[in-house]
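Peer 1: If you want the building blocks of each chain, they are given just below.
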Amino acid sequence: MSDYPKILLDNVGVPDSHTLSVYRSRGGYAAAEKALKSMKAEEVVSVVKESGLRGRGGAGFPTGVKWGFVPKDSKKPVYLLVNADESEPGTFKDRDILDYDPHKMIEGIIISSYAVNCHEAFIYIRGEYGWLVDRVQQAVDEAYQANLLGKDILGSGYDLEVIVHKGAGAYICGEETGLINSLEGKKGQPRIKPPFPAVVGFLDSPTVVNNVETLASVPWIIQNGADAYRSIGTEKSPGTKLFSLSGPVKRPGVYEVPLGLPLRELIFGQEFGQGMLPGIELKACIPGGSSVPVLNAEETMAAMLDYESLSQLGTMLGSGGCIVIGDDAKMPELLKVVLQFYHHESCGQCTPCREGTGWLDMILKRMLEGQGRPKDLDLIERLCGNMMGTTICVLSDAAVMPARSFISKFRDEFEALLPKGEEPEDFVPTARAAEDRG
Amino acid sequence: MAKITIDGKEWEFEEGMNLFEACTIARGGEKLPHFCYHPGLPVVGVCRMCQVEIEGVPKLQIACNSTVRDGMVVHTRTERVQNTVRQILGFHLLHHPVDCPICDQVGECALQNQYMKYGLYEADIEVGDKLAKRKVQLIGPLVMLDAERCVLCARCTRFTHHLTKTDEMGIFNRGDHSEIGVAPGLTLDNDYSLNVVDICPVGALTSRDFRFEKRVYWLKNTESVCPGCATGCNMIIGHSGGRLYRQQPRENLQVNDYWMCDHGRLLYHSVQGDDRLLEPKIKEGGEQAPVGWDHLWNQLKERVEALGEEGNLVLVGSPHATLEELYAFKSLLQDAVGGSVLGHRLTGSEMDRADEFLLSADRTPNDTGARLLGYADFSAQDLAAAASKKTLLVILQNDLASFDPAAAEAIEGYGLVAYVGCRENATSGLADFVLAGRSYAEKEGTIVNKDQRAQTLHKAIDGPVQSEEDWFLIARMGELFGHAPSWRAQHDLSSELSARIPEFAAIAGGIPKEGVSLAQGAGVEEVERG
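The listed protein sequences correspond, in order, to chains A and B. Counting in our numbering, the first sequence runs from 1 upward without gaps. Counting in our numbering, the second sequence runs from 1 upward without gaps.
Each hint should be verified, as a subset may be incorrect.
Some, not all, of what chain B presents toward chain A, calculated at C-beta under 7 angstroms [what the hints assert, rightly or not]:
1) Arg48
2) Asn65
3) Asp129
4) Arg174
5) Gly175
6) Ser178
Restricting the straight-line Cα-Cα distance to at most 20 angstroms, the calculated cross-link-like pairs of lysine to aspartate or glutamate (EDC-like) are [as the list claims (entries may be wrong)]:
7) Lys450/B <-> Glu251/B
8) Lys165/B <-> Glu184/A
9) Lys375/A <-> Glu251/B
10) Lys76/A <-> Glu161/A
11) Lys193/A <-> Glu21/B
12) Lys365/A <-> Glu299/A
13) Lys59/B <-> Glu381/A
14) Lys186/A <-> Asp167/B
15) Lys59/B <-> Asp397/A
16) Lys193/A <-> Glu53/B
It is worth saying that the hints were derived from the structure and are not from the lab. All C-beta atoms, glycine included, are put in the ideal place defined by N, C-alpha and C.
Could you put the whole structure together from the sequences, leaning on the hints where they help?
Peer 2: In structure tokens, the structure reads:
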């Protein structure tokens, strides 16, 4: 599987790849120069549209289409916000770009900003990536010095300011409108839609929010054309995608793969994970970050890594956070970790999510403590049914999807935690000592 | 206009109208279940209760953040909707302490009402698993917070952010640890703090003034108008057994939207305070003592006759009196009897700070009405100049002596002083005859606000047994001077004044709930307030 070009990780491993001189020596910023000097903004948009590039943050929305939603005749400034708030458990791909190739992202920002007529872009980096804030800032400073940012970039007449912003470490600020609120200095809570950010976003102005990986793909597309990009991957999922492989595999890490690669290749392939650790068998796999439905071993071996194939299996490509689960793991315990995360990260504005995430976590906790009740699995299913799709953003869904899939695919492990038999007819919830529910 | 179908019936609404409001109309006034939606606040869409099914849209949608579009087909009562609403209600009630027996909200609690309507399920949570949050938190001089009962609808925080712009309140923490509260170092101490109690759909925010005073379902509600300032906010007086318990705003988009200031709400205390005049009094030997009405009228007659041929009558009205009272006062005691009206207001009296919300600088309810009737300002000098030992000064509901010491001095220059009003004050203390009248809550009457809107005070309770309505006292005084009035009831006065005085023609057929503008050219095309 080495017959595809590396688009995103081509510079990783090169000494000092994060510096401007190395990036330029490897052909960097040629695409930006090409776009600014020889292309119209609309041309850039249409090339990206034709390339079929889809948002790499998780939702997979076509990038060019998203750009097309920005009103052409806006009297307000247009903003580009770079979503570097990578917080989905199991996902650490943007980190490699920020760390080893920040200029690729900056070049992507320049081209994309130009395409949507934006003159001020913000890079929102999660607080936990503190050291990367410095690294990105350094790269931005270098770019300013080389007139790749600021006024009249490379003599093209185009101006762009880029501001690096450090988040305070909330998962929900990775949701685009949560990010906008956070950047405005407000509580990081998603906004109710409509209006959509492309029309009313940051500071009530048209705003495009793009993921780091998405933007880092743009320079290559501009340089090599939409057809070249389409020649990689599958017809409906063109291009390459980063996967962060974790779990009991021999070689966990971040891999760039062409979309459509078999999942088993990512886990067992010699170029990638090289198989399970000795003594551990594959039991399950979460292909796209903790919020997507889990696949059992059989499904894992059959899955292809592209948007459509995974959707057919009832799961999603998501952020590419591929978590491999070995047969030494207990599914209820893993689910507890996942639910605890969403419980902790729910912003708390919508009732079903605020109360539901905590409730799911609480039920699973009591099950693991041997305090489960016979009908708890039914209760979980019922709660899930009412948390799914009833809220402003999809954090609620993100808690439901693992909960439902873990239980449906590994039900015996959960049932083993419950007492046998029916609940007495006259069951009345009784008071027991209130405790810290973590 | 857009044609839309709601629950199988076709309707026409403005394109872009809020779907929640459209559904309310289509459901015959029955609102969709909700906690966070409030027509006076921006939409946040967080309670997720007002779910509706819109054909062609796979997910249920919240009506409050949807708009009417032509051709839309909406279902509000399908099983799918009902089930979702029931379950979401379950989320709201999950950690609620269900301490209804000690909660003031009982009877007007959205949680309680909606549970009875859409819930009625068995609880899925064990009592011990409920999260305990802080109760009985004093967050301001008038408001008490019980975080456990809160459903986090963000109405209070939106109110303090968008309406008062004071931002004392916020939602702190996140997830199921979210709690409303006041920001560190701040107190909920603004002129409108009690509005958050009204809009709180549950018992989380309660009024320290009303707390534990009365179950709301025992209250009778009378629609009236606040007499606290020249704005004339529409209000509801809650009363029971002849006592007033609370005053709350009543929606009027022409005047006060949905809001009211705390000063106005607490005015009801003045009706039943220690300084309330409960019965007529006569001053004898420098001391005022309670008397029966017959005795008072006999004495007044005697003392007036004792003034002899040179005796005359000077009249002082009030911007607090109703149109009917002021009309009776002037038409009977001046025009018929021959007294002379000095005016209704000491220049510059009863003015205070105004704010940009509702409170007017003019803290009287009917200055505009008085002026339309021909009353005007006067000064303490005017009062002194008219004084003589042969003169009876009749003061109607005007506490001149408190506003200006010179006025108090001037009053002393009169031979006889009669005070008509409902509260003891510096002026009533100077009177030889104190005629116990009725407060705003104990009578009918019309007042005109600063924007020339005529509105009606409605009688909520009977006054003290030994008090009389002010118009009746004026009528009796006229009889004393040999001029029996033609009117026999308060409403005779309303019809007479609207028939006789062109400025008041607009109120001839009675005044609607939302009042009526007396301004020239006003009528159908009234401009809605922002």
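Peer 1: Confirm or reject each hint.
Peer 2: Checked hints:
no.	hint	verdict
1	Arg48	holds, 5 angstroms
2	Asn65	holds, 5 angstroms
3	Asp129	holds, 6 angstroms
4	Arg174	holds, 5 angstroms
5	Gly175	holds, 4 angstroms
6	Ser178	holds, 4 angstroms
7	Lys450/B <-> Glu251/B	holds, 18 angstroms
8	Lys165/B <-> Glu184/A	holds, 18 angstroms
9	Lys375/A <-> Glu251/B	violated, 47 angstroms
10	Lys76/A <-> Glu161/A	holds, 16 angstroms
11	Lys193/A <-> Glu21/B	holds, 19 angstroms
12	Lys365/A <-> Glu299/A	violated, 28 angstroms
13	Lys59/B <-> Glu381/A	holds, 18 angstroms
14	Lys186/A <-> Asp167/B	holds, 13 angstroms
15	Lys59/B <-> Asp397/A	holds, 13 angstroms
16	Lys193/A <-> Glu53/B	holds, 17 angstroms
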